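Protein chains in written order, with the working numbering: chain F, 715 to 826; chain S, 117 to 228.
No lab work stands behind these hints: they were computed from the structure. Hints are supplied without guarantee of correctness; some may be wrong.
As the list claims (entries may be wrong) - Taking lysine-lysine and the DSS-like style, the derived pairs with C-alpha atoms no more than 27 Å apart in a straight line are:
#	chain 1	residue 1	chain 2	residue 2
1	F	Lys810	S	Lys183
2	F	Lys819	S	Lys119
3	S	Lys215	F	Lys740
Small disclaimer: the values here were computed from a predicted structure and weren't measured.
Spelled out, the chains give:
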Amino acid sequence: AQTIHQWPVAEIKAVGSPLSLGCTIKGKSSPNLYWYWQATGGTLQQLFYSITVGQVESVVQLNLSASRPKDDQFILSTEKLLLSHSGFYLCAWSRKTNTEVFFGKGTRLTVV
Amino acid sequence: QQKVQQSPESLSVPEGGMASLNCTSSDRNFQYFWWYRQHSGEGPKALMSIFSDGDKKEGRFTAHLNKASLHVSLHIRDSQPSDSALYFCAASEPTGGYKVVFGSGTRLLVSP
Chain F
715 AQTIHQWPVA EIKAVGSPLS LGCTIKGKSS PNLYWYWQAT GGTLQQLFYS
765 ITVGQVESVV QLNLSASRPK DDQFILSTEK LLLSHSGFYL CAWSRKTNTE
815 VFFGKGTRLT VV
Chain S
117 QQKVQQSPES LSVPEGGMAS LNCTSSDRNF QYFWWYRQHS GEGPKALMSI
167 FSDGDKKEGR FTAHLNKASL HVSLHIRDSQ PSDSALYFCA ASEPTGGYKV
217 VFGSGTRLLV SP
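Work out the full structure, taking the sequences as your base and the hints as a guide.
Next up, the structure:
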């Protein structure tokens with residue numbers, strides 16, 4: 715069975731500090747990978763997607779970057795956090811296009 | 117402008133009642149639709165997909181798609197308190213389907 719693990723579970727960071735969030739997918743080779751952002755109780759905004767190792771596409775510009783250093787690993791980062799970066803970050807994967815997206819448990823980020 | 121609109125924003129039904137959620141896309145390129153459910157503090161989980169015109173039933177859940185009007189609905193019969201959650205409609209294109217767009221969400225409350 716496939717599993718998705720996100721880390722950390724929660725973070726409280728200062729404005730202007732760096733950030734690194736990660737997720738690992740086990741049990742599935744060459745998945746499509748995604749990062750989503752969600753304001754409290756709000757909609758899910760797709761940030762990045764990746765079809766293959768080393769290739770990441772940006773969907774919206776939010777002063778964030780993403781990388782896929784390994785087939786099963788997806789990293790979201792920024793050098794300088796803004797207050798607007800607060801929210802719920804979800805890593806997700808799918809087998810191929812137009813099929814079910816499987817989400818991790820998310821990382822709650824609070825920027826103060 | 118949000119490409120996938122949902123209504124109502126919130127919905128309250130008694131236990132055992134019928135809940136009806138609606139979703140409309142403004143982008144005719146979106147041909148594949150999914151319904152997701154998110155309980156508080158968790159990542160969303162897919163309920164069902166619908167790709168063809170007409171109805172699709174899975175247990176207590178029935179989805180309906182009208183491609184001509186780009187309207188999708190979800191009906192939950194015999195609603196249970198455990199159905200209380202945030203429901204999202206998601207849409208994607210037949211090609212480049214990894215760009216999944218989520219709707220604004222409907223918060224459902226089922227009261228005992």
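Now the hints, each set against the structure:
Between Lys810/F and Lys183/S, the direct Cα distance comes to roughly 23 Å. Compliance with the 27 Å bound is thereby established for this hinted pair. Distance restraint check for Lys819/F and Lys119/S: the Cα-Cα separation of roughly 26 Å lies within the 27 Å cut-off, and the hinted pair is therefore satisfied. Restraint check for Lys215/S and Lys740/F: satisfied, since their Cα atoms lie roughly 23 Å apart, inside the 27 Å limit.
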